[in-house]
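Trainee: The chain contents come next:
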Amino acid sequence: MEFVTLLQVLDSTVRLAMPLLLACLAGLFSERAGIFDIGLEGKMLAAAFLSAAVAAVTGSVWLGLLAGIGASLLLSAIHGLASITFRGNQLISGVAINFLASGLTVLLAQDWFAEGGRTPSLMGAGRFESLTLPFAETLSTVPVLGPIYYELISGHSILVYVGFLMVPLTWWVLFRTRFGLRLRAVGEAPEAVDTAGVSVVGMRFAAVAICGVLCGLAGAYLATGLQAGFVREMTAGRGYIALAALIFAKWRPWHALWACLLFGLLQAVALRYQNLEIAGIPLPVQLMDALPYILTVVILAGFVGKAIPPRAGGQPYVKER
Amino acid sequence: MDRMPAWADAVLVPLISILLAALLSALVILAIGESPVEALLLMVDGALMRSTGWGYTLYYATNFIFTGLCVAIAFHASLFNIGGEGQAMIGGLGVALVCLFIPFPHWSIALLVATGAAALFGAGWALIPAWLQARRGSHIVITTIMFNFIAAAVLNYVLVNLLRPAGAMDPATAPFPAATHLPSFHDMFATADNPLFRGSPANVSFFLAVLACLGVWLLIWRTRLGYEIRAMGFSESAARYAGISPVRITVITMLISGGLAGMMALNTTMGEAERLVMNATEGAGFIGIAVALMGRSHPLGVLLAALLFGFLYQGGAELALWTNIPRELITVIQALVILFTGALGNMVRVPLERMFVALRRRAS
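The listed protein sequences correspond, in order, to chains E and A.
For reference, each letter of the first sequence is one residue, going 0 to 320 in numbering that gives the first Met the number 0.
For reference, each letter of the second sequence is one residue, going 0 to 363 in numbering that gives the first Met the number 0.
Excised from the complex, chain A in its bound form:
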């Protein structure tokens, strides 16, 4: 045995990677003349010490759960879907269309239909790259990047030329009808003498995101399709010998992945803005990459990583408000997380493996 125990691979490696990322982030904060400890305290205070802060943290986390699952499920089939951003944009278009043009009697029906529309539009946007990868061998990373830009152009055209109300200046749709507004955490949990989550955008779609985690877990580890996806991810040739069609699995995985990314739009478009704006995704599609890497493509890991990034996002906004540290600090942290948990994984894993092997030898 020259492998390390499973718990070390699952817990120790990501933990050390994250510590390295945190250490470097602290150095960055020091370099621009601020105190990392004070910054952390400020972030904790702004994001976790009040219910409003939690409302924002959970709102951001909802986005990241969806996009994180989107990247994670593709990783299981060893596909790298960078197109979450574009798929979420187009998913938002689906949400906007049903909310604007179908007269819903109640928000719960609106949510059901809009979920379907968001997933359908997101999956549709992933279909062409998926088909091109499966049938024509075009690299899915490149095609999904290209489709992000094409999605931005499509959305820009639709918002400016088709859906913008007459006389409005900014490229956005009209506000959705009141019957489609999703209940926020404030509506659900606040009482007369305890106004919880006041003014924060977290809403019922957070529970949908948690359900999606459960659904992905069931799919990946408890169904035949999930088995086929993982089999293809381990070895395409072995999967083919086992009678699994790589074309079919590639397309289905990407459809699920795109659908999950599309469902992110429920939170931003239907839950928060209550209309479709140009930059509704705010890069959450890319943060999904960091979340999936950090969560090691496991739904529980994705959930935890999404909460961490939700905290970073809300904390970062607080920092920008009270100190000279701009919000871009979060982008740097995100980059470091991707670098250490993704690209430099071997830098941590190899020495750890050696250490475990040496320890075992000494014990025997």
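Only chain E is shown next, with the shape it has when bound in the complex:
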């Protein structure tokens, strides 16, 4: 493969991995606090729609971003209400949120813009433009390193850099702060946290809210960074791939980064090469599509290192009397 082609594939890997990474970190916060979240897909979709809609109307992508985060937070609040306050089934609540987003986005898009369930195409300040990092142009003539800097590292939208920064930040918050310790404890042994005088409900709502913000970023990036506007079902299962990446990473931030980059690479390769041949054996494009899910099942099966979820995951906390 030529060097330039390789760089282009890696560049699109980064772009495609970013929504996965943000959603995956969102799920990480929620599930580490003991709240299973299969509603990542729906929250991303709602955020994608509202960010694109507000950006299209106001012409400001930043207002769009805020609106997207707001939409995602609203769904997070429903999830929190159902699974924390009313101790309902977290999985069923997640399913409901996915359908709610899937239906409402098209319904509202059709009502507001009448363009068949999409928003108008975003232009100019309505989108996150790609940033050119300092000296990228001048350094692009330097052999090997220059093109890497110019093609791969520079030239992404600001949300991509935010996303990458989120990985060390998540690690730091979860493993180096008191808040993070409590958050993880709530997911492993909520009764211990309760005994220590910390509100389990409060911690879990905080985790679900963080999850909402990150899903909002992921959705806004999808509609205003990666693409220019919202189309129906534009998340296309990314929320579930993010969930797969989360399990693949065994609920750890740095591993989540590698898992999302791997799944992003699979998407980038599937997008570029419809018919790939490795050692004379043709690989159908459908195999590339299914590979993240197959890998996750293999990991879940525990044949290659067992994936053990947080101990109190999925269980509503009932205070002892």
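It should be emphasised that the hints constitute simulated quantities derived from the structure, not laboratory data.
One should not assume that every hint holds.
[Claimed, not checked] Label-pair distances were calculated between CB atoms; the ranges are:
id, chain 1, residue 1, chain 2, residue 2, range
1, E, Phe178, A, Ala21, 35 to 43 Å
2, A, Arg360, E, Trp253, 56 to 64 Å
3, E, Glu187, A, Arg163, 47 to 55 Å
4, A, Leu320, E, Arg177, 54 to 62 Å
[Said to hold, decoys possible] Footprint (simulated), chain E over chain A, 3 or more residues, beta carbon under 8 Å:
id, region
5, 129-141
6, 154-163
7, 284-292
8, 338-351
From a predicted model like this one, the values you see are computed outputs, not experimental measurements.
Glycine included, each C-beta is placed from N, C-alpha and C at the ideal position.
We have chain E already, so just place chain A on it with the hints.
Mentor: Relative to the frame of chain E, chain A by itself:
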């Protein structure tokens, strides 16, 4: 006694949940500038006032009965099978294979064999998640979600690369031979001067779905296996003490569940399209979740809920035809039903319970 009477738990709680869902749906319709009353009238008119409308309503209901039973029987073992969609896709593959490659003399034999194939393929697709849950402790919700996506990829590959007739563009099989076509309600009930169910896709598999309801009821409440399934659903540790093998019950329950989902394909693939297309399931596997929750996992409840969703589906299509309300309204209603009858059940149940306790105290 701090419990409410059984009838209130079985009837009042779901009824209030559904009313809440309906109220919010009406608000959604108001918010997009349409009248909920007119919308409802239009839906009733399109889905229930003509035999053709009934033909569509019952056609959709057939799908939802199968997928609803699929989710419901898994619920009895306290397993959550989100994989109905994928199991139905693979079930469709089984139907297509026998219909295309076995020369049947008559539709009734074709239906019998295809039912077996659909159930076998659907159950086969549920086997791996079931085994992984039972033996390796992998969460069945996650594995069945993953298997939905893998099923879509498998079906896509098979349709595009293997079963697509030469020269055809769309990913679908060749039409099935005429001998495998199932009689539709129109064939069965229309007379020369009364053309009932004209042009509607409801077919003989509806009766199969009703039989499946009866079969599931017998299985759950009248057999030893059903008892074991319910015992495991109540308490796995208690079931184990009683000598019930959770591994065995998990696998068997999921096989039945997957088989029921697979049988949905009879209706869509053999009954309606008469060939296998890419998106034959149309999300019916997920609607099964709403149907099972609303029907409280009871076959009779599933039947009624499936009829309601069949009505919503056909009514929704009418709305999309005559008003500015897109079909996605039904997805919203479905989400609200799942939310209120499933996740927010306690929001309704707890205040009701308090009310009953207070009433009883005043009476005594």
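Trainee: Flag every earlier hint the structure violates by its number, smallest first.
Mentor: none
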